[in-house]
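Novice: So the protein sequences, as listed, match chains A and B. If you count the first sequence from 1, position 295 lands on 295 in UniProt numbering, and the numbers rise without skipping. If you count the second sequence from 1, position 24 lands on 24 in UniProt numbering, and the numbers rise without skipping.
Calculated from the structure, these hints are not laboratory results. For each residue, glycine too, the CB sits at the ideal point set by N, CA and C. Please note that the accuracy of each hint is not assured.
[Unchecked claim] Which residues of chain B face chain A? A few of them, derived with a C-beta cut under 10 Å, are:
id	residue
1	120
2	123
3	190
4	201
5	202
6	214
7	217
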Amino acid sequence: MKTESSTGAAIIFDEVGKSFPKKGGGQVTALEGISLSVEPGTITGIIGRSGAGKSTLLRMVNGLEKPTSGKVLVGGRDVGEAKGQALRDIRREVGMIFQHFNLLSSRTVFENVALPLEISGMSSGEIKKRVDDLVARVGLQELSARYPAELSGGQKQRVGIARALATQPKVLLSDEATSALDPETTQTVLELLSDINRDLGLTILLITHEMAVVRDIASHVAVIEDGHIVEDGSTYDIFTDPKHPTTKSFLSGVTGVTLPEFIARELTETRPAGPAREVMRITFVGENATDPLLAKMSTELSLQVNILAGAIEEVDARPFGNLLISVEADRADEARNFLQQNQQRTEVLGYVS
Amino acid sequence: MSANLINMLMEATWQTLYMVAISTLLGAVGGLPIGVFLACSQKGELLSAPAVNKVLGVVVNATRSVPFIILVVAIIPFTRLVAGTSIGTTAAIVPLTIAAIPFIARLVENAIREVDSGLIEAARAMGATPMQIIRKVLIPEALPGITLGLTLAVVSLIGYSAMVGAVGGEGLGDLGIRYGYQRFMPDVMAMVVVILIVLVQLVQTIGEWIARRVDKRAPRNRGA
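Please work from the sequences and hints to get the whole structure.
Specialist: Structure representation (structure tokens):
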């Protein structure tokens with residue numbers, strides 16, 4: 001994902017920084033040294049807590065914010081430098097959807113989707129055809145004449161998506177598009193985005209504070225904290241082998257594998273005297289993720305394995321599992337060697353007596 | 001009440017409606033763009049022009065702080081310049097309009113400031129020009145508020161129009177003063193008051209009805 005490795009990238013952030021003048025003098029640095037390149041046709045997630053600077057970063061792609069240092073390139077054009085008509089031309093090639101939808105309450109579904117086309121100066125005959133197609137694509141044909149106030153949150157976001165696609169952009173920006181929706185609606189909206197990405201080859205850059213959103217649709221992810229990208233890479237790599245503590249904390253919520261309370265309570269960092277069991281986390285990745293590896297280990301080493309918690313899930317259409325087990329502490333080295341020889345990652349969490 | 005009096009009342013009502021209608025129309029023509037500009041020209045906004053914004057704000061406030069009766073006499077030379085005469089009902093439209101413009105401008109400004117800034121952001125992201133944002137987003141979205149503002153302006157102008165008798169403007173207020181008060185005819189005064197109350201009620205009701213019609217912000221029952 002680094003800048004230098006790509007030439008045909010859809011979006012390039014090159015050493016981008018943004019600072020605001022602070023009230024009563026001084027500067028607040030919102031972003032610093034951001035380098036990231038988004039390949040065409042991918043879905044890239046930027047994840048961070050509120051105030052991390054992700055929203056500012058996203059808004060630089062269509063020039064709603066200007067970088068104070070570095071460059072943002074969209075389709076090879078410098079957004080920060082563009083002004084007037086040149087900037088408006090870039091914006092027409094970049095669609096955007098919003099957390100609170102930002103639909104015009106005075107316009108019907110049809111008229112909302114038509115707005116960007118009216119702005120671009122399209123004739124009403126062409127608008128009618130294009131908008132009917134778009135409204136059908138997001139499944140709202142029946143509601144075309146309704147006003148936003150008469151729609152549910154999920155339907156409003158579908159209108160937002162149809163509107164963002166109206167000018168046939170190459171890039172779609174998503175600003176926490178599912179954060180105001182319930183989990184079920186979130187799923188359907190994410191599926192719609194996924195479909196659009198696949199069918200139209202649209203590059204999607206989304207910001208979110210939910211790792212589940214990244215897991216469900218993003219092929220790449222960048223973790224942002226305090227205005228810096230602390231980790232980035234393919235979603236699968238980040239999920240299976242997170243390096244930065246912030247990434248790990250975001251993941252702990254979604255991988256959903258935590259020690260049962262009665263064991264967590266007993267867990268000690270150092271091995272207690274006497275007989276003890278070592279508690280470890282195994283991360284199953286790649287092709288072996290679904291192999292009956294534990295059963296094999298148990299037989300081959302004739303070792304008793306106690307499974308404490310576990311799950312296998314799919315990230316970017318590849319399986320990955322997370323298992324918490326305990327084994328006799330005296331033989332834990334053997335177990336870890338066996339697992340590592342089979343390309344699985346282990347991590348010692350502690351000991352219980 | 002004599003037929004003559006009824007005639008006078010009807011004529012006075014007509015004159016009031018005439019003055020208020022024309023001055024509201026002209027006031028809206030002048031006040032709408034000024035209101036839009038005031039709402040959009042602070043620092044960092046769509047038509048960022050902070051200096052002009054400040055000056056215009058001061059002018060608007062100054063006009064609004066002059067009591068109407070003083071305004072009427074203070075601008076007599078200007079009225080003569082515009083209307084050719086400084087007395088009469090048509091001449092009275094000039095001070096009424098001058099009072100209406102800043103009043104309507106402030107009401108429009110407030111209505112436009114109520115529009116969710118997210119909508120402006122969405123329109124900017126679509127590549128809209130500032131003028132497109134104003135025409136296609138701000139004004140349509142502020143329309144319910146603008147309608148209620150105009151209603152308020154009409155009601156105020158009906159009140160103001162009662163004072164233009166000072167420069168020979170006729171209408172209900174003038175009739176009430178000259179006949180009801182100076183000639184001591186309480187029945188004329190009562191009729192004038194009743195007609196004014198009915199007019200204001202009517203304007204308010206119609207204004208609210210239109211505002212509801214253009215307001216699509218709340219879901220409505222669509223008959224089955």
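Novice: Please go over all the hints and tell whether each is borne out by the structure.
Specialist: Taking the hints in turn, this is what the structure says about them:
1. 120: Because about 9 Å separates residue 120(B) from the closest Cβ in chain A, which is inside the 10 Å limit, the hint holds.
2. 123: holds, 7 Å
3. 190: violated, 44 Å
4. 201: violated, 28 Å
5. 202: violated, 26 Å
6. 214: holds, 7 Å
7. 217: holds, 5 Å
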